[in-house]
Amino acid sequence: MDAAFTAEQDEIRRTLRELLLKRCGPDEVKAAVRTPAGWDEGLWRQLGEHLGLPGLALPAEYGGAGCGPAELALACEEAGRVLLPSPLLATAVLAAPLIAALGTEEQRDVLLPRIAGGELTATLAVPGGALPLALGLTGDNGGDSGNGDSGGDGGDWAGGGRAGGVQARRTPDGWRLYGQADQVLDGHSAGLLVVAAHTGGYARSRTQLFVVRDDIRDDDVRSGAMGLTRTRRTALDETRPHARIELRDMKGELLGPEEGADVLGALARLGGSAAAALAAEAVGAAEGAFARTVEYVKAREQFGRPIGSFQAVKHRLADLYVQIQAARSAAYYAAWAAAEVASWDDSVEGGPEAVPDPAVGGPALAQALEALRAVAGEAVQLHGGIGFTWEHDAHLYFKRAASDELLFGPVHRLRARAAQRAGLFDAAKAAARGTAPGAAAGPAAQGVGI
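To convert a position in the sequence shown, counted from 1, into the numbering used here, add 1063.
In case anyone wonders, no lab produced these hints; they're calculated from the structure. Note that the structure is predicted; figures quoted are calculated from it, not measured. Yeah, the Cβ is synthetic: ideal placement off N, Cα and C, and Gly gets one too. Errors might be hidden in some of the hints.
Restraint-style ranges between C-beta atoms, simulated for each label pair [as the list claims (entries may be wrong)]:
1) Thr1297 to Arg1086: 24 to 32 Å
2) Lys1377 to Arg1295: 37 to 45 Å
3) Glu1124 to Pro1235: 32 to 40 Å
4) Pro1099 to Phe1373: 29 to 37 Å
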């Protein structure tokens, strides 16, 4: 692994940081989240048209920059530093890679250039709070578990063919979707929804992805009665808006071909790069809160001297600094691993064994979320009385920390999933039985993932 950034990567970081520092201060953030979209549409257009941010990791043939997960993680780190309210995560990290990986050539030609230019925003709609499970971060999403077990084609997180979730049925004029998803990032404003839905009923259920656009309507579709209804929900973190999506006999287009698409596998692979981007974003937010706290303790005086000169305060800040640096290293490694997996082919020396495990994104995300929570909590404490007020921006970082863990964690499940994939639970079971992991003596001697 080469840990040094290229000149191009350094330039991406520098350019984006300069723009966001000018256009995305605390006052601008608070003003943007109160708009109907929940983000500054003018700034998003600038990021799309002049910097190509939405298409940073998309192939150049579809109007993207042709970069990869590492560059996208750097962009997310800078966005997290200022708590940028934008559809970057939903569009560039979650939805666009799925369209690029699974979409037909026609779907990619039509949708990806519009996404890359910032003209079209998109998001991934997963029923309930199952987004981390769908991405394989907190459990087996129904595809390959990574340790030899297979969950089949079910994906019960999408509804399992039972009541709830989103169901899809084939009609003479195409696919129709019905159901709802309650926590869809930027679902109230996205022009394109990639919806995870179950097909085939209960007995032969299978999770598929469908493309849904608000402008796809029949003459008989009445708003509020049939079709697509979006409701922006009150969020703990206003900079991370989400919505409830209700589908009532809504027309959808199957993403990719009818047969042969490995939907659950694609979602699991997306989990590695998405976790790396989220970890980098959390590291950026932690560093932003840390920098503001250091600036405050250097200026705030008590007993005739800056409070930052007291040894107890120095020790607390030093501990936070170490947590941030450790989380950054983990996030960068996860981004590198995701990039290596994305560029792997059969010609790589050493074969599949030489490719890093993309599942390192889960532990990296857990460490970054822990660091952000610690830094945000200390930021509120070290700011003293003003840190508890709505007028100060310390609470924005604290809410981001709490919200991210609710949406993409919790931390202990991210780590439990990593331990399961590594076979640590199997080893513990084998030790309890007094046998070596994998020692074959029948079904009882074989490790079973928890």
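Evaluation of the provided hints:
1. The hint said 24 to 32 Å for the Cβ distance between Thr1297 and Arg1086, and at roughly 26 Å that hint holds.
2. Checked against the hint of 37 to 45 Å, the pair Lys1377 and Arg1295 passes, with Cβ atoms roughly 43 Å apart.
3. Our hint of 32 to 40 Å for Glu1124 and Pro1235 holds, since their Cβ atoms are close to 35 Å apart.
4. Between Pro1099 and Phe1373 the C-beta distance comes to about 46 Å, which lies outside the given range of 29 to 37 Å.
Of the numbered hints listed earlier, the single one contradicted by the structure is hint 4.
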